[in-house]
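> For reference, the chains in residue letters:
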Amino acid sequence: MNNHKNMQKITQVVLYAALVIVAIIVVAPFVWMVSISFDRLANIQVPFPPTFIPDPFSLFNYELVFENGRIFSAYLNSAFVTFCSVFLQISAALLGGYAFSKGQFKGKKLLFIMVLATMMIPIEARLIPLYTMFNSAGLLNTFWPVIVPSILYGFGVFLAKQFFDQVPDSLREAAQIDGASEFRTFFQVYAPLAGPITATLIILSFMGNWNEFVWPLVVLNSERLHTIPLFLASFSLENGTSLAGMTMALATMSVLPIIIVFVFLQRYIIQSIALSGLKE
Amino acid sequence: MKTGVEMPANVQTRRNKSIKSTLSWYVFLLPTFLGVACFIVYPVFESFRLSFYNSNGTIETWVGLTNYQRVLSQGAFWNAVYNTFYIAFFQLLLAIPIGFILASMINRINRFKSVFKVMFFLPNVTSIVAAAMIFMFVLQPEVGLINHVLDTLGLPTSPWLSDPGTSKWGVILLTIWHWIGFVIIICLANLQAISPELYEASEIDGATGFQQWLFITIPNMAGTFAFLIIMGWISGLQRFQEIFVLGGAGGSPGRSLQTMVALIYERGFGGFEFGIASAITVLLFLIILLFTVLNIKLTRLKL
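Protein chains in written order, with the numbering used here: chain A, 1 to 280; chain B, 281 to 583.
Hint data in this document are derived by calculation from the structure and do not stem from the laboratory.
Check before you lean on any hint, since a few could be wrong.
Unchecked claim - Going by beta-carbon spacing under 10 Å, a handful of chain B positions derived as facing chain A:
| id | residue |
| --- | --- |
| 1 | 302 |
| 2 | 305 |
| 3 | 308 |
| 4 | 339 |
| 5 | 342 |
| 6 | 343 |
| 7 | 345 |
| 8 | 394 |
| 9 | 410 |
| 10 | 445 |
| 11 | 460 |
| 12 | 549 |
What the hints assert, rightly or not - With a cut-off of at most 25 Å between alpha-carbon atoms, the simulated DSS-like pairs for lysine-lysine come out as follows:
| id | chain 1 | residue 1 | chain 2 | residue 2 |
| --- | --- | --- | --- | --- |
| 13 | A | 109 | B | 393 |
| 14 | B | 393 | A | 9 |
| 15 | A | 106 | B | 300 |
| 16 | B | 577 | A | 9 |
| 17 | A | 109 | B | 300 |
| 18 | B | 300 | A | 108 |
| 19 | A | 5 | B | 393 |
Don't be surprised by glycine CBs; every beta carbon is placed ideally from N, CA and C.
This is chain A alone, in the form it adopts within the complex (with noise of 0.2 Å):
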């Protein structure tokens, strides 16, 4: 018995050594950009060996980026449009969620694997025919193609379903017995019991959007409507790997909000991706 003990013992040593190890080799490039970040002379020369604290430690490499400003219209940018799109792909969601869970009426199930279908169409295969749309309808360098697409949220509307499916038909029942319509029915009785999804499509529809690329790539070419993504990249593919410094505190200030929101929200975040991967 108190060998088993001793086994047990040492396995969760040997455990929790390996995934030590494995957790800084996987956090050590975040702390190698901070570090860089802060260090004075980064842009002309990267230390070397590789240091992990700044000696000595310097803001001139954020100062530089400040004075710059693209940093903080991006910012404005990738904030406007990840609000516009979260919020027209959630009440997308939630009512065709809670039409295809509740609602009775033809062509129920062909449209629905229409809907899951779309899943499966990614943006890269409709880039030209969206392009060419946009463009004549003289929207191009603006934000409405980046946003109104969001309209489509098929995985949104598949959760939503899924969700719905699990609140009984007797609130709709009740509700209905008192005259109210479907839509009066869906917003005074199903939209406030349906807070967890809610919350859990918000999290998901907000990081995909805040880091989309190549669509605002194609139909966003004015700078000044750069997104956080489209300003990292064509920063970084005007400078390579000269600027170090520069690059470096760039990168540390783009991942500086979403890891905010990682770290207060990362029960839910992780429970939402885990979620995403559990087939009923």
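Following the hints, put chain B in place on chain A, whose structure we already have.
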């Protein structure tokens, strides 16, 4: 007791009500279906149509299958297909087993589970563009972090992204780093869904922890692996962002990183050859479709 006169009126209102209700369901679905029609159905058909034309967005001439002929006889296309498959294949081959092993380890420790979950998941929440920027320096041959560590350990270093022969492996490292947290979270969620009775029964039969892992855990995770392979392939075939940051639309060095989407971008928005780019798009779309169907069939994944 209801009278015979009331009945038809009742049926009438009920039918009216049900028509009204059906209509309102369609209104609920209106936003989604406007989206499907405008941003999926129309563009997919338009891509297909454009692939038979020589087009720069304004002037169109019918050329039949010429675009396909040109694309399929070009080395650039096959190079892009090769690069895309190579990176995606090795990303999956390494990330899924490593992620699963790490998830199994986290599942077995008694405390600090969520600390490790958070740390491993951190790369996945940062944008791949920022991750690529960081890795440009991490993989830098002279002053980069990885070569320094390899050198310190007495292992051979590599030119990574600066040499066409090794650049794909630099990207593979980046994609594994970025994706592994997702693999771990999905594996953990499904590990916890395996019925504990299976383990209890085998314990009575005297199975060791490792035997349990091999004969109970792994078979029970088949559906999870299938899900990860499908997700990984679909996103792998769409790889573009990290390539674009590291090597531009051409995928330098020496086109060794150019993926299919990068080629579409280069021909479509660099050269305004919409016909050619659309033909590549249709081919990419067919490949994605083929792989999805194949994967679903092979793994009998329940959707």
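> For the pair supplied as a hint, residue 106 of chain A and residue 300 of chain B, confirm whether the alpha-carbon distance does not exceed 25 Å.
Distance of about 13 Å is within 25 Å: holds.
> Does the interface hint hold: is residue 549 of chain B within less than 10 Å of chain A, judged Cβ to Cβ?
At about 6 Å, which falls below the 10 Å cut-off, the nearest Cβ of chain A leaves the hint on residue 549 of chain B intact, so it holds.
> Just to be careful: measuring from the Cβ of residue 460 of chain B to every Cβ in chain A, is the smallest value less than 10 Å?
7 Å, holds
> CA of residue 577 of chain B to CA of residue 9 of chain A, is that 25 Å or under?
44 Å, violated
> Does residue 300 of chain B lie within 25 Å of residue 109 of chain A when you go C-alpha to C-alpha?
The given pair, whose Cα atoms are some 20 Å apart, holds under the 25 Å limit.
> Hint residue 445 of chain B vs chain A: min CB-CB distance below 10 Å?
Cβ of residue 445 of chain B sits 19 Å from chain A, so the hint is violated.
> Within a Cα-Cα threshold of 25 Å, do residue 5 of chain A and residue 393 of chain B meet the stated pairing?
21 Å, holds
> With 10 Å as the cut and Cβ atoms as the points, is residue 394 of chain B at the interface with chain A?
7 Å, holds
> Check whether the Cα positions of residue 393 of chain B and residue 9 of chain A lie no farther apart than 25 Å.
With Cα atoms ~17 Å apart, residue 393 of chain B and residue 9 of chain A stay inside 25 Å; holds.
> Would the hint on residue 343 of chain B stand, with a C-beta cut-off of 10 Å toward chain A?
Because about 16 Å separates residue 343 of chain B from the closest Cβ in chain A, which is outside the 10 Å limit, the hint is violated.
> Holds or violated: are the alpha carbons of residue 300 of chain B and residue 108 of chain A at most 25 Å from each other?
With a Cα-Cα distance of about 16 Å, the restraint between residue 300 of chain B and residue 108 of chain A holds, given a limit of 25 Å.
> Given residue 305 of chain B as an interface hint, is the shortest Cβ-Cβ distance to chain A below 10 Å?
4 Å, holds
The structure shown violates the earlier hints numbered 4, 5, 6, 7, 10, 13, 16.
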